[in-house]
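From first to last, the protein sequence lines are chains A and B.
The first sequence: position 4 = 843 (my numbering), numbered continuously.
The second sequence: position 80 = 83 (my numbering), numbered continuously.
Keep in mind that the hints are not guaranteed to be accurate.
DSS-like cross-link-like pairs, simulated, lysine-lysine; straight-line CA separation at most 25 Å [claimed, not checked]: (1) A:K1402 to A:K1369; (2) B:K186 to A:K1244; (3) B:K134 to A:K1327; (4) A:K1243 to B:K182.
Partial list, computed: chain A residues near chain B (C-beta under 7 Å) [as the list claims (entries may be wrong)]: (5) Y852; (6) D1234; (7) H1236; (8) N1238; (9) V1240; (10) K1244; (11) Y1245; (12) Q1257; (13) R1258; (14) E1261.
Example chain A residues on the side facing chain B (calculated, C-beta under 8 Å, incomplete) [stated by the list, open to error]: (15) F1222; (16) Y1247; (17) S1248; (18) D1255; (19) Y1262; (20) M1265.
Honestly, the hints are just simulated from the structure, not real lab data.
None of the values given here were measured: they were computed from a predicted structure.
Yeah, the Cβ is synthetic: ideal placement off N, Cα and C, and Gly gets one too.
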Amino acid sequence: MATKVHNQDGWLYDPIYPDASTWPIVKLAHEREAFIKELVALSIENIKEQLGNNPANLKDELARTLYSERIRVSQTPWKADAPDEKEFWSKVKKDMVRINAGHENPHAFGHEDLIQRIVKRYAEEIAGVFDVNAYDFAKRFTTTLFSRLLNASQGKGMARLFETRHNLHDKIHLVGEIDHIRELAKRGTIIVVPTHFSNLDSMLIGWAIQSIGLPPVLYGAGLNLFGIKILAWFMNRLGAYKVDRRKKNMLYLETLKMYSELSLRRGCNGLFFPGGTRSRSGMLEKRLKLGLLGTALQAQRLNFENDGEEAKKIFVVPVTINYNFVLEAQSLIDQHLKISGQEQYYVENDDFSTSTKMIKFIYRFFTASSEIAVRFGTPMDLFGNRLDEEGRSFDPHGNEVDIKKYFYSNGEISKDLQRDAEYTRMLGEEIVKRYHREAVVFSSQVVAFAAFRIIKARYSKMDLYGLMRLPSEDLTIRPKQLMDAVGKLVERLREMYANGEIQLEKEVQEGSIANIVKKGVANLGIYHAKLPLMYNEDKDFQSQDIKVLFFYHNRLEGYGLHKFI
Amino acid sequence: MASTNSSEIAPVGVLGGGSFGSAISNLLAENQPVILLTRSQEVADSINTTRQNRGRVMHENVRATTDAAEVANQCRLIFPILPSAGFRETIKSLAPHLTPEHILIHGTKGVDIQLPAGDQLTADYKLNPKKVNTMSEVILQETIVRRVGCLAGPNLAAEILEGQPAATVVASHFDEVIKLGQKSLRTPRFQVYGSHDLTGVEIAGVLKNVIALAAGALSGLGFGENAKALLISRGMVEMIHVGTHLGGDIVAVLGLAGIGDLIATCSSSKSRNFTVGYRLAKGETLTAILADMEEVAEGLNTLRISRAMANYLGIRVPLTETIYDVIYGEKTVEEGLDYLMKFPFYVDIDRSMFRRV
Chain A
840 MATKVHNQDG WLYDPIYPDA STWPIVKLAH EREAFIKELV ALSIENIKEQ LGNNPANLKD
900 ELARTLYSER IRVSQTPWKA DAPDEKEFWS KVKKDMVRIN AGHENPHAFG HEDLIQRIVK
960 RYAEEIAGVF DVNAYDFAKR FTTTLFSRLL NASQGKGMAR LFETRHNLHD KIHLVGEIDH
1020 IRELAKRGTI IVVPTHFSNL DSMLIGWAIQ SIGLPPVLYG AGLNLFGIKI LAWFMNRLGA
1080 YKVDRRKKNM LYLETLKMYS ELSLRRGCNG LFFPGGTRSR SGMLEKRLKL GLLGTALQAQ
1140 RLNFENDGEE AKKIFVVPVT INYNFVLEAQ SLIDQHLKIS GQEQYYVEND DFSTSTKMIK
1200 FIYRFFTASS EIAVRFGTPM DLFGNRLDEE GRSFDPHGNE VDIKKYFYSN GEISKDLQRD
1260 AEYTRMLGEE IVKRYHREAV VFSSQVVAFA AFRIIKARYS KMDLYGLMRL PSEDLTIRPK
1320 QLMDAVGKLV ERLREMYANG EIQLEKEVQE GSIANIVKKG VANLGIYHAK LPLMYNEDKD
1380 FQSQDIKVLF FYHNRLEGYG LHKFI
Chain B
4 MASTNSSEIA PVGVLGGGSF GSAISNLLAE NQPVILLTRS QEVADSINTT RQNRGRVMHE
64 NVRATTDAAE VANQCRLIFP ILPSAGFRET IKSLAPHLTP EHILIHGTKG VDIQLPAGDQ
124 LTADYKLNPK KVNTMSEVIL QETIVRRVGC LAGPNLAAEI LEGQPAATVV ASHFDEVIKL
184 GQKSLRTPRF QVYGSHDLTG VEIAGVLKNV IALAAGALSG LGFGENAKAL LISRGMVEMI
244 HVGTHLGGDI VAVLGLAGIG DLIATCSSSK SRNFTVGYRL AKGETLTAIL ADMEEVAEGL
304 NTLRISRAMA NYLGIRVPLT ETIYDVIYGE KTVEEGLDYL MKFPFYVDID RSMFRRV
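Starting from the given sequences, assemble the full structure and let the hints guide the process.
Below, the structure is given as structure tokens:
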């Protein structure tokens, strides 16, 4: 049993490995040079294998990469790009022309040299450097920052910024199978897979992982975020690796995947947002990006293949981050409507593009008093099987499962990438199922769902886009109607909760319908300038912004709840 | 577990000694030893001593047993060929003996539903398609096996047992499963195609049985090829209509498991589903027909499920509705036909039907 500290710094649990020098992530940083060398060598080997070890294919791939990279350099330069991007690719082009001219037939040697240079450059860019001191500092800094902001929000503004009466854990609830996960972290490699609604998620999940005493995780951060100075400073030292979604060429993607695979093989705990980007619709993720998740399957196979009985298992921990409101709701839902409205292009509105914007964002987040629940879901192996405290896998009938045999053919482990890809797809489906089961429902979401459904039923002939254009005057609901709908919804939710199909905050679990509605309306999208739902002068409910109401309603989509209102 | 000794070919397992199970066992037995799981010890003994299985002659490479654990321990590749009604139970009893190394390719053309206690599939029952499981889904739910597949196609058991040429599709998400299925099943008289559309192939194989019931009835009434062609082509449209709601794909309907199997079962008195329709049209009652049939006609079960699903979805499926009314309701075969001929169909193919649901 972990010792709960619960001090003013906000630590609930002792770290399971207090000595940082034993962390795989620290070892990785110490051996960075050797690691990159291995990464480059294995990536190239892998790339060549995928190209059928054919020099002509290699040449084609190289040409494709060069072409797309030169377009990227000239058309979408980012602050975070290396200063010599242009020179590097110009040089590659020159050398390519020279090599091509010198050889009538595609000869591997010259091209291979180019591939080597490109992959090495990618590897250097991707790999982060973990720094224990920076980690310690960041840990204290975020906690202090979070709790100061929180305290400021509870009183009369800045004057209370230096009080510590309100503990962070009163606001940010860390719930779920924490003890189990701590046990597993001592025995294998953990992959945390959280839901993704807000830009704050990365910071919050990092803080939550420290709070439950796990050693730091390795995570991928968008290269664009490295353009923000404060973030870049931290992320560079916290071992974040860089993911550049502009680079879609095969050489880059294979290097990135190999980085993830190798770090997992070295026992570094990992973090992926499998939804890829923030959920624009406000719905729980339904389709996951499987690329990086797939590296876990390969790492697990190679662990079994190379380490025999000593092989470390990889454990998956689905995490739901549950908010009463999402700061970016407005721009997210706008983008969602544009995309689903078949518009080919949309400008991505970056809510987070400078340091000042980011600090403002965090400040608002905490000052708008509201709870957050971070739920660590039931851990599983890569095949969705149940785990005991020691990390052994069990089938639904209680029989122990030797998961190494999932990789068997003819009685021994065999490499079959298509098989790994299918297992990854199945794992993705399982994670989506878990998200639905582990989601914590707040009263605000219940109210939003009921209100939106009432309006939708009233204008049943209208499509979604018509609905979104209705003026606020047409968006009123009589209190009794809302209460009735919430009542039916809550009844169904409690039934589902009893069956373990969903999680509920305390109020929704046992509060009266009147209180749920009251708390829900008070907390729903509290930060937004135009309120998704409020009381008007006639004491009716009215929506000032149906798009945002739709966004919060979406969180409860996918449970078939509309049939119960 | 399967022997790794290369001089000895590993046996494969078959669950179910019915007509199709026997046919598949004999095909498999041409390439490797087969261990066949039967329910009754008597049948197993008969196969092992005299090669006789209720009138069918079994290949000498087939050994029968009633011990599920033995099949699981000896065979890595297992073919469950069971009636859909008992499928889940049998798989459950096998589950404790299965390991992640096992590969299951089933040949059952039916679906599984789990109704709340006390519910009956009546004519107006509304069945949520989410409650309908294909057999591969049952395997995934009840066991730790992940590498699953199915086989479907125009495979009338009697013709296979006679050694006539035929082909089948092995569908699975896993290349490995398809290859193993092909390797174990392929003979000079049996061609095996592969497909990645597991659900599509399963659903196509399931839904065609309903149409076969009607084909039998048409034949029983003495009608010819125009009527049959009408039925088959309209039947296909309805299969797609219902199938998309079960996660199936149109493309699979165009393949061996869809149109291929549809033509075979709609033309042959060797098909059980066809026979049920045929005898109904000849004036027998359903009770009388079922009383002297050795094995279940899966189409009857599928018919009730399709009807209940259409109720839930609020979609019109005139063929399914009519067949249902003839078999379980008040309509005679003639009345049913009359109704269909007067039903206001205006379009041959409604494109909107082909949207993915």
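Verification of the hints:
1. Annotation: proposed proximity of A:K1402 to A:K1369 is violated, straight-line Cα distance about 29 Å (limit 25 Å).
2. With a CA separation close to 21 Å, the supplied pair B:K186 and A:K1244 stays within the 25 Å bound.
3. As the CA atoms of B:K134 and A:K1327 are separated by approximately 23 Å, the hinted pair is consistent with the 25 Å bound.
4. Restraint check for A:K1243 and B:K182: satisfied, since their Cα atoms lie roughly 21 Å apart, inside the 25 Å limit.
5. With its C-beta approaching chain B no nearer than about 33 Å, A:Y852 sits outside the 7 Å limit, and its interface hint is violated.
6. With its C-beta approaching chain B no nearer than about 4 Å, A:D1234 sits inside the 7 Å limit, and its interface hint holds.
7. For the restraint placing A:H1236 at the interface with chain B, the shortest Cβ-Cβ distance is roughly 6 Å, inside the 7 Å limit, so the hint holds.
8. Below 7 Å, beta-carbon pairs count as interface contacts, and A:N1238 has one with chain B at about 6 Å; its hint therefore holds.
9. Look at A:V1240: its Cβ gets to within about 5 Å of chain B, closer than 7 Å, so that hint holds up.
10. Given the 7 Å rule on beta carbons, the hint for A:K1244 holds: about 4 Å separates it from the nearest Cβ of chain B.
11. Interface restraint check for A:Y1245: the shortest CB-CB distance to chain B comes to about 4 Å, inside 7 Å, so the restraint holds.
12. Interface restraint check for A:Q1257: the shortest CB-CB distance to chain B comes to about 5 Å, inside 7 Å, so the restraint holds.
13. Annotation: A:R1258 was flagged as interfacial toward chain B, and the flag holds, the nearest CB pair being 6 Å apart, inside 7 Å.
14. At a threshold of 7 Å, the smallest CB-CB gap from A:E1261 to chain B is about 5 Å, leaving the interface hint in force.
15. A distance limit of 8 Å between C-beta atoms decides the matter here; for A:F1222 the minimum to chain B is near 6 Å, and the interface restraint holds.
16. Taking 8 Å as the C-beta cut-off, the interface hint given for A:Y1247 holds, the closest approach to chain B being about 4 Å.
17. Residue-level restraint check for A:S1248 holds (minimum Cβ-Cβ distance to chain B is 6 Å; threshold 8 Å).
18. Taking 8 Å as the C-beta contact cut-off toward chain B, the hint placing A:D1255 at the interface holds, the least distance being around 6 Å.
19. Nearest Cβ of chain B to the Cβ of A:Y1262: about 7 Å, under the 8 Å cut. The hint holds.
20. For A:M1265, the interface hint holds, the least distance from its beta-carbon to any beta-carbon of chain B being 6 Å, beneath 8 Å.
When the structure is compared with the earlier hints, violations turn up for hints 1, 5 and for no others.
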